[in-house]
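Chains as they are written, first to last, in the working numbering: chain E, 6 to 390; chain L, 6 to 390.
Everything labelled a hint here was simulated from the structure, so no lab data went into it.
A hint or two may mislead.
Note that identical chains are pooled: a pair holds if it fits in a single copy or bridges any two copies.
[Said to hold, decoys possible] Distance condition first, Cα-Cα at most 30 Å in a straight line; then the derived DSS-like pairs of lysine-lysine:
{"#": "1", "residue 1": "LYS7", "residue 2": "LYS277"}
{"#": "2", "residue 1": "LYS277", "residue 2": "LYS291"}
{"#": "3", "residue 1": "LYS277", "residue 2": "LYS46"}
{"#": "4", "residue 1": "LYS83", "residue 2": "LYS277"}
{"#": "5", "residue 1": "LYS277", "residue 2": "LYS169"}
{"#": "6", "residue 1": "LYS161", "residue 2": "LYS314"}
{"#": "7", "residue 1": "LYS369", "residue 2": "LYS134"}
{"#": "8", "residue 1": "LYS218", "residue 2": "LYS7"}
{"#": "9", "residue 1": "LYS228", "residue 2": "LYS7"}
{"#": "10", "residue 1": "LYS314", "residue 2": "LYS131"}
2 protein chains.
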Amino acid sequence: MKIAILGFGTVGRGVLACVEHINDIEIVKILDRQLNDEYPKLMTIDYQTIIDDQSIDAVVECMGGLHPAYEYVSQAFKAHKHVVTSNKALVSAFYQDLITCANKNNVHFSFTSSAGGAIPWLSSLKRAKRSDDIVSVHGIVNGTSNYILDNMANGKLSFADALKAAQDLGYAEADPSADIKGYDTMRKCVISANIAFDTLIDEKDVLVMGIQKITISDMNFFKKHDYRCRLIMEASLHIDKVSAYVEPTLFDMNALESNVCSNNNLITFNGKNTGDLSFYGQGAGKLPTGNAIVQDLLDIKDHQVVTQKLGKMLIIDNTYVKHAYYLRSKVTSDILTDVIDQQEIIAGNSFIITKPISVVAAHKLACEIALSDTDYFMAGIKESN
Amino acid sequence: MKIAILGFGTVGRGVLACVEHINDIEIVKILDRQLNDEYPKLMTIDYQTIIDDQSIDAVVECMGGLHPAYEYVSQAFKAHKHVVTSNKALVSAFYQDLITCANKNNVHFSFTSSAGGAIPWLSSLKRAKRSDDIVSVHGIVNGTSNYILDNMANGKLSFADALKAAQDLGYAEADPSADIKGYDTMRKCVISANIAFDTLIDEKDVLVMGIQKITISDMNFFKKHDYRCRLIMEASLHIDKVSAYVEPTLFDMNALESNVCSNNNLITFNGKNTGDLSFYGQGAGKLPTGNAIVQDLLDIKDHQVVTQKLGKMLIIDNTYVKHAYYLRSKVTSDILTDVIDQQEIIAGNSFIITKPISVVAAHKLACEIALSDTDYFMAGIKESN
């Protein structure tokens, strides 16, 4: 199998390193923005030479971003080349379009590493669906956020210091918005739900809360009440609707999620036959991601791809899910009166546990609070099993 | 694909329930010890009719035990039928023999559910090996033991009461020896190591300690020192040798293993590219096991089996692994003098933490202690990450 790599950053170099010892996969071209002295026989800045090379069976897209990744991937399909990518922004935004294009051209579009990195999450989910009905998917899918939350709780760092540490280690990007505001998690939610429920959900309908406002005072409250905070995605099937949201979530100390340390991921599906099955490991990184891409390539080479059905659009309805929330805010207005279950006031901040309210109601409440207190922090509370 | 089920207990019924909604898998015979009124068109007590039925593509062995399971499975291979089983005793004891026989007859022998039940552990391990070198496998693979340990710690039950509760729930058998003495865990260690390292290790060379002597006084010590006790298997590759052992093991409260509750399993492999990848879920039960068997059948039907190499015999050498141990004993003789790091004496019992010693030395020490104190309990201590 001959492949071309598009983009020669961390992930592209990871693929190169992981392919090295694999017989039957040969890298014949590497597309990069500019030529350098490395691998002169492989490097090109001209994508057309890759498209025109009929010996290339598959293109590995490691550029990131939506454009020109979208155009390049579409072109590859039309040239009857398989595509493997770890680009969750691309997969989440153009899911229907790209799978349709791949199917039309009778080639495969594989993206296991786009959610869960090294973890065989999406591939296991696809395989599970062959014999089981998936009821829900949920979990920790953003290593940067988890690193920050873990280091604030255990290392007693402020949010800013924990973010800085994540950036110093290469876990967080210079602009960490997508990670800390929950958009990266949202994309992995969309991709996981689409596969789990044979559906097509729209990014903009997923309700998203991030961790960007969390403080040491929140962490102190969680510690006092034996909670750990994790940024999670959750999507469940409700007959012909789907609930799908991203929230910081408080778990009791006995939950598996509570012991997910550093930048690791833990992702779970609940199947009617199997109950909860969870998958843990590195959600990013050069060799972990490179290895997952190579696994996708091997599946294509060995004809072991589980075909992805393209489902129908399902409406997202987050009124189905209700749980209690934690809220720290300076707001004292009566918008909170009806929802308060417990309240502590410390140094002008209200630390509130709400009654169970729907996810829709909670995210609406958050918007209202933000009008008068932009520093508030809110998190769902997971009931103990 | 037409299949026959051998044995119609919990697992056999689970397969029947899980196959119901699967197109293309049809149960045409069920072998049971005696005929009953259920499924009169399917039931038979005569295995030869199954062997002679050339329309049957695969045999699902759910009888358990070594004999006649071994003979029946061998006969099926010779009649060119694939075999799927969840029978870990069979797979562990006759690994080389059965895989050789299957290969010779050009059929598949699949046994994903023999270690980890519902968890796609062995199938993921096989797939991982296509692109990664596996360094070690370890984890909680016996749900009964975990249920007992979890209920002793959290429910404050005695060992006898926790075992009784496990038996009442159907988690433990009337004779629980294989579970609590670690032999079931040892078998899953052998199977996992054979796949992970392309080797053939011998059951009798795996060092095994069980949980049968654990008491509330041990649990109190663990609680006081922030440990949780789990029964684990561990096997690692050391160039051309393998370490492989089963031990109760103390984890700190932040370890993922510490939060594996009830009868769940958590199994991990460490790969050179991926680092630790862990898999969590139900390790047994009617539908979970039935579902895993159906997944194996679908892999065979869809030509998605990752071929199992039959490796060479590797010597087990447990001198490679050293760690501290916990020991509770009434023994005061000088066999302990050299190994003691910390010691507390409470009500005539010594509670000892040893210096790091090899697994071989520890299991030898256990044998010496047993000569004068049959009630002792010993457990490895996992270093924090």
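Here is how each hint holds up against the structure:
Taking identical chains as interchangeable, the C-alpha atoms of LYS7 and LYS277 lie at most 30 Å apart only when they sit on different chains, with a minimum of 24 Å there against 40 Å within one chain. When the C-alpha separation of LYS277 and LYS291 is checked against a cutoff of 30 Å, the pair qualifies only between copies, where the shortest distance is 12 Å, while the shortest distance within a copy is 35 Å. In this homomeric assembly, LYS277 and LYS46 come within 30 Å of each other (Cα to Cα) only across copies, at 28 Å, whereas the closest approach inside a single copy is 52 Å. Taking the closest pair of Cα atoms, LYS83 and LYS277 never come within 30 Å of each other, the shortest separation being 38 Å inside a single copy and 36 Å across copies.
Proximity of LYS277 to LYS169 under the C-alpha cut-off of 30 Å is restricted to the inter-copy arrangement: shortest distance 28 Å between copies versus 42 Å within a copy. For the homomeric pair LYS161 and LYS314, neither the shortest alpha-carbon distance inside one copy (46 Å) nor that between copies (49 Å) is at most 30 Å. Taking CA atoms no more than 30 Å apart as the test, LYS369 paired with LYS134 passes in neither setting, with 34 Å inside one copy and 48 Å between copies. Within a single copy, LYS218 and LYS7 get their C-alpha atoms no closer than 47 Å, and across copies no closer than 58 Å, so neither meets the 30 Å cut-off.
For the homomeric pair LYS228 and LYS7, neither the shortest alpha-carbon distance inside one copy (53 Å) nor that between copies (56 Å) is at most 30 Å. Taking CA atoms no more than 30 Å apart as the test, LYS314 paired with LYS131 passes in both settings, with 10 Å inside one copy and 25 Å between copies.
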